[in-house]
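> Protein chains in written order, with this note's numbering: chain A, 1 to 552; chain B, 553 to 868.
If you are wondering where the hints come from, they were derived from the structure by calculation, not from laboratory data.
Just so you know, these numbers come straight off a predicted model, no measurement behind them.
Where is the CB? At the ideal position from N, CA and C, for every residue including glycine.
Please note that the accuracy of each hint is not assured.
If you want the footprint, here are the derived chain B segments under chain A, 3+ residues with CB under 8 Å [stated by the list, open to error]:
no. : region
1   : 627–637
2   : 648–656
3   : 712–721
4   : 742–754
5   : 826–837
Estimated spans, in silico, between C-beta atoms of each pair [as the list claims (entries may be wrong)]:
no. : chain 1 : residue 1 : chain 2 : residue 2 : range
6   : B       : Asn-833   : A       : Gly-155   : 33 to 41 Å
7   : A       : Leu-470   : B       : Leu-676   : 22 to 30 Å
8   : B       : Arg-832   : A       : Gly-515   : 18 to 26 Å
9   : A       : Gly-80    : B       : Arg-832   : 42 to 50 Å
10  : B       : Leu-676   : A       : Ile-189   : 34 to 42 Å
11  : B       : Leu-861   : A       : Thr-249   : 54 to 62 Å
12  : A       : Asp-68    : B       : Asn-833   : 25 to 33 Å
13  : A       : Ala-229   : B       : Asp-753   : 44 to 52 Å
Some chain A residues near chain B, calculated using beta-carbon distances under 7 Å [what the hints assert, rightly or not]:
no. : residue
14  : Gly-25
15  : Ala-28
16  : Thr-30
17  : Leu-36
18  : Ala-43
19  : Gly-49
20  : Ala-50
21  : Leu-52
22  : Ala-258
23  : Asn-449
24  : Val-463
Spelled out from the first residue to the last, the chains are:
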Amino acid sequence: MVTTEAPPSPPQTPGNPTWTVLRNGWRALTSMRIALVLLFLLALGALPGALLPQRSLNQTLVDRYFTDHPTLAPLLDRVGLFDVFAAPWFAAVYLLLMISLVGCVLPRTLEHAKALRAAPVAVPRNLARLPHHGEAVLDVAPEVAADAVRARLRGWRRTESAEGEARAFSAEKGYLREAGNLVFHLSLIGLLLGFAAGKLFGYEGQVIVQADGGQFCNTGILGYDSFRAGLRVDGTSLEPFCVRVDDFTATYLPDGQASAYAASIGYQTPADVAAGTSAWRPFPLAVNNPLRLGGERVYLQGHGYTPRFTVTFPDGQQRTGAVQWTPVDGATLLSQGATKFQRPGVTDDAQRKANGLAITGLLAPTTSGGDVVTSVFPAANDPEVAIDVLRGDLGLDDGRGQSIFSVDQSKIDSGALVRVARANLAPGQSVRLDDGTVVRFDGVGQWVNLQVSHDPGEFAVLVFAVALLLGLGCSLSVRRRRFWARLTPLSSDDGVRRTVIEIGGLARTDRAGYGEEFDRLRAELLSEAVRPDAPSPNAPAASPGVELGKDV
Amino acid sequence: MLAQLALYSDRCFMAAVGVYVLAMVLHGWEFARERTAAPALVGAGSAEALTRASDVDGSADPARGAARPRAERMGRMGVSLVILGVALQFVSIVLRGFAAQRWPLGNMYEFISAITFAAMITWLVVLRRSPSLRPIGAFVLFPVVILQFLGGTVLYTQAAPVMPALQSYWLVIHVTTVSIASGLFFVPGIASALFLLRTADRLPAALAAKVPSADELDRLAYRVTIVAFPLYTFAVIAGAIWAEAAWGRFWGWDPKETVAFIAWVIYAAYLHARATAGWRNGPAAWVNVVGLAAVVFNLFFINLVVAGLHSYAGVN
Numbered sequence: 001m002v003t004t005e006a007p008p009s010p011p012q013t014p015g016n017p018t019w020t021v022l023r024n025g026w027r028a029l030t031s032m033r034i035a036l037v038l039l040f041l042l043a044l045g046a047l048p049g050a051l052l053p054q055r056s057l058n059q060t061l062v063d064r065y066f067t068d069h070p071t072l073a074p075l076l077d078r079v080g081l082f083d084v085f086a087a088p089w090f091a092a093v094y095l096l097l098m099i100s101l102v103g104c105v106l107p108r109t110l111e112h113a114k115a116l117r118a119a120p121v122a123v124p125r126n127l128a129r130l131p132h133h134g135e136a137v138l139d140v141a142p143e144v145a146a147d148a149v150r151a152r153l154r155g156w157r158r159t160e161s162a163e164g165e166a167r168a169f170s171a172e173k174g175y176l177r178e179a180g181n182l183v184f185h186l187s188l189i190g191l192l193l194g195f196a197a198g199k200l201f202g203y204e205g206q207v208i209v210q211a212d213g214g215q216f217c218n219t220g221i222l223g224y225d226s227f228r229a230g231l232r233v234d235g236t237s238l239e240p241f242c243v244r245v246d247d248f249t250a251t252y253l254p255d256g257q258a259s260a261y262a263a264s265i266g267y268q269t270p271a272d273v274a275a276g277t278s279a280w281r282p283f284p285l286a287v288n289n290p291l292r293l294g295g296e297r298v299y300l301q302g303h304g305y306t307p308r309f310t311v312t313f314p315d316g317q318q319r320t321g322a323v324q325w326t327p328v329d330g331a332t333l334l335s336q337g338a339t340k341f342q343r344p345g346v347t348d349d350a351q352r353k354a355n356g357l358a359i360t361g362l363l364a365p366t367t368s369g370g371d372v373v374t375s376v377f378p379a380a381n382d383p384e385v386a387i388d389v390l391r392g393d394l395g396l397d398d399g400r401g402q403s404i405f406s407v408d409q410s411k412i413d414s415g416a417l418v419r420v421a422r423a424n425l426a427p428g429q430s431v432r433l434d435d436g437t438v439v440r441f442d443g444v445g446q447w448v449n450l451q452v453s454h455d456p457g458e459f460a461v462l463v464f465a466v467a468l469l470l471g472l473g474c475s476l477s478v479r480r481r482r483f484w485a486r487l488t489p490l491s492s493d494d495g496v497r498r499t500v501i502e503i504g505g506l507a508r509t510d511r512a513g514y515g516e517e518f519d520r521l522r523a524e525l526l527s528e529a530v531r532p533d534a535p536s537p538n539a540p541a542a543s544p545g546v547e548l549g550k551d552v
Numbered sequence: 553m554l555a556q557l558a559l560y561s562d563r564c565f566m567a568a569v570g571v572y573v574l575a576m577v578l579h580g581w582e583f584a585r586e587r588t589a590a591p592a593l594v595g596a597g598s599a600e601a602l603t604r605a606s607d608v609d610g611s612a613d614p615a616r617g618a619a620r621p622r623a624e625r626m627g628r629m630g631v632s633l634v635i636l637g638v639a640l641q642f643v644s645i646v647l648r649g650f651a652a653q654r655w656p657l658g659n660m661y662e663f664i665s666a667i668t669f670a671a672m673i674t675w676l677v678v679l680r681r682s683p684s685l686r687p688i689g690a691f692v693l694f695p696v697v698i699l700q701f702l703g704g705t706v707l708y709t710q711a712a713p714v715m716p717a718l719q720s721y722w723l724v725i726h727v728t729t730v731s732i733a734s735g736l737f738f739v740p741g742i743a744s745a746l747f748l749l750r751t752a753d754r755l756p757a758a759l760a761a762k763v764p765s766a767d768e769l770d771r772l773a774y775r776v777t778i779v780a781f782p783l784y785t786f787a788v789i790a791g792a793i794w795a796e797a798a799w800g801r802f803w804g805w806d807p808k809e810t811v812a813f814i815a816w817v818i819y820a821a822y823l824h825a826r827a828t829a830g831w832r833n834g835p836a837a838w839v840n841v842v843g844l845a846a847v848v849f850n851l852f853f854i855n856l857v858v859a860g861l862h863s864y865a866g867v868n
C-alpha cells in the first residue's frame, strides 16, 4: 500500500493516513475492549482442545474419531481442531493478546514509576465533597493536631504544605496495588516465554526397560521407543546418563486397584559415565517420585508383563525369548503381544524366511482358568498364556518396520505365515509342533515404561507463576486510597487555642472498601485521641466532630 | 471399625443434606410469607427499613425480637439450620478421612462434598458480613442440594485408598484449594445470575421485593470472586507442580487442564470487564455466570465423560 505521491513524511505527521491507521489500530489493539474480546476468543479457541481428541494426547482416539465421522473429521482437521494448541490461529490469538498486554502494561509501568516519585495530589478545596469526609473543632493547638495527623499517617506517602494560616496534608497509600497488577501482567509474558523455551529446547522420550536388570542409556533418540523432540532438538546432544532397573513391585488391593508402584533402580550420572565407573547409585523410583538428574528427569510411567518362552528346535538348539507384551485391560492387565524367533543355524535366506516362528496371543497374570483364558487380577499370581504359534515368513527382512506387539497381518492373509499350534499354557508347560519343535512357557517377568523429560523453561515458568500469584494477590487485596487533612487555627476569646480539622478520603479503585479504614481514621483524628488527656479511645463519639455522610 | 466410621460419615452426609433441604424450605417460606404479607409491609415500609438497618450493624434490639415478622423468623431459622448442616458435613468429611485413612478428596463424591461444604461456608461468611443478603439463601441452597443429591446417589463411592498417582501431599494442597475455590465460585455465580434476572425484571414481583438490590448482588459477586480467583490460580499452579512430579510435565493440555485454563481466562475476563466502561454491569455478570458454568462443566463433564489423566471420579 505504498503511494508514490505521498511525501516521505516522518511518522509524527498527523495527516499521514498510513500512520493514522497504524496508530488507531494500535490504540484499538491495546484497548481493554479488544483485550476482552481476545480473552474470550482464547477461551473459546481452547474449548475444542478439551472436547475433541487431540493428537498430542492420544493419536488412537483421533483415528477412531476419523473412522466414526468420516465426513466431519477432515473438515475439522483442516482448521487444526485436532491440534488446537499447535494451530496457527490459536497462536495468533494469544500472541495478539500478549501484544495488547504489552501495549497496555508498558505505558502503565512508566506512569506508575512516575507516580512513585511524584508527591501526593494537593488537597482539594472542598473536602466535604469527597465520598469520605469529616470535620471537627479540636481543643488543641494546631501543632499538636498536626503531630497527631503525622502519627496517624505513618506508612502513607505524604506531603505537607502551608495554605496561609492553615496546614494541609496530602497522603496516598496502596501503590502496591498497581505494582502487583503490573507484576501479574508482566509475569504472564515471562510465563509464555518459559513455556516457549520448553517447547523449543525440551524433549520427552519413552522407553520400556525389562525390570530384571535391564539398562537404558540416554545417548540418542534411537534408544527410545518414542521420542518427542522440541523444535530445536536434534537428539545429538543428550546428556548421557544411564539407568538400570533392578526390580519392580506393584501392590494391589483385594479388588484389583493398585495401591503402590515402586521400581528400585540404579543410575549413573553423565559424570559417572564419563569417568567410566561401574558402580550404580541406588534410587527408589516411584510414581510421584521421579529421579532428577540436573536437567533431566526420569519417571516411572507404566508397567506390564514379559512372558518368557523357550523354543527347542528339532535339532536340539534352544532359544529363549522375553519380549514385553502390552496390557489391553488396565484393570486386570490382560496382555497381548508377539514373541518372535528366527530358526538358528539356517544360512539359506529362503529357508530362514520360511521358518520364522511367532508366539502370539494373550497373557493373563491371574488366569480365570477354563478354555477361554482371561485375567481376573492384575498381579502375576497364577499366570497363563493362550497362544497361537505361527510359522513362516515373519516379514522381518522386508525392511519395513513392524510392531513388536503383533505380527504382520498381511503375511497371514497371504498365507506366508501359518498357524501351527494353539494352546493354553501355565508356567512350565509346553506344546510340541508338528515338526518336533517344542515351545515352553517359562514364566513371566515385568517391564517398566520410563519417561525421560527435559524442559529448560520449567524453572522460569515456576518463578513467573509465583510472581504472577503474588502480583495477583497484591493487585486484588491492596487498596489504593488517598487521604487529605486541613488544619486551620481557630482564634477565640478565652485564650484556648483551638483547631478546625477537616479530613477527606477517596478510594481510587472501585469497591475498595475504604469506608471502614476511613471511619477509624476519622474516629481517631476528630475525637479525644488527639487530646493528650483523653483517657479512653473507646468513648462514644461525643466529640464535637460532625459526622457526615457515613459511607457504605 | 473403619467400615463403622465410613457408615457414620455417610449418615452425617445424609443428615446434612436433609438439614439443607429443610433450610431451603424455610427460606422458600420466607418468600411465600412475604407475598401474603406484602400489603402490610408496604404500609410499614419504614419498619422494614429499620429491620434492615439493625441487621446491618448486627445488633438487633432484643426487645423487638418478638415483633419480628414471621417470614423473617423463618429466614433466620433457615440460617441456623445451614450452620447445623455445615457442622454435620464437616463431621462427615473428617470421618470419611479417618475411614479411608487418607485425605478425604479422592473421588467425585468427596469432591462434591468438599465443594458444597466450601460453598456453604462462603455463604455463611457472606451472611455474617452482609446479613441483608439472607433472602437469597434459597437460591444458594438449591444448586448445593442438587449437587449433594447427585454426589450421594449416582456418584457415591465407598471409602477406599486411592491409586498410586494420587498418593502425594500435593493431593492435599491441589485438590483442597481447587475444591474451596470451586465452592467459593458458586456464590458469585448465583449472585450474578440473580443480578441478571433482577436487572432484566424477570423476577416475579414477590421475589423481586425480597431479592437484594442489583448493586448489592453485583458487589457480592465481585467481592467473593476476588477471593476465589487468586485461590483458584494458586490451585492451578499447585496442580502444575504436582503434574510435573507425577506425569513428567507441568502442563500438557489434558482436558481437565484445558477447561481449568478456560475457566481461569473467563474469570480473568470478568475482572477486566468490571474495569471496562460499558461492560461493568450486565456483560460482566454474564461472564461470571459463564465462569461458574465452566467450573461445573470441568467438575462433571470432564471427570465423567472425557477420558483424560484426571479421570479419578471413581465412578464406573
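> Could you work out which earlier hints the structure fails to respect and list their numbers in ascending sequence?
Going through the list in order, the structure violates hints 1, 2, 4, 9, 11, 12, 13, 14, 15, 16, 21, 23, 24 and respects the others.
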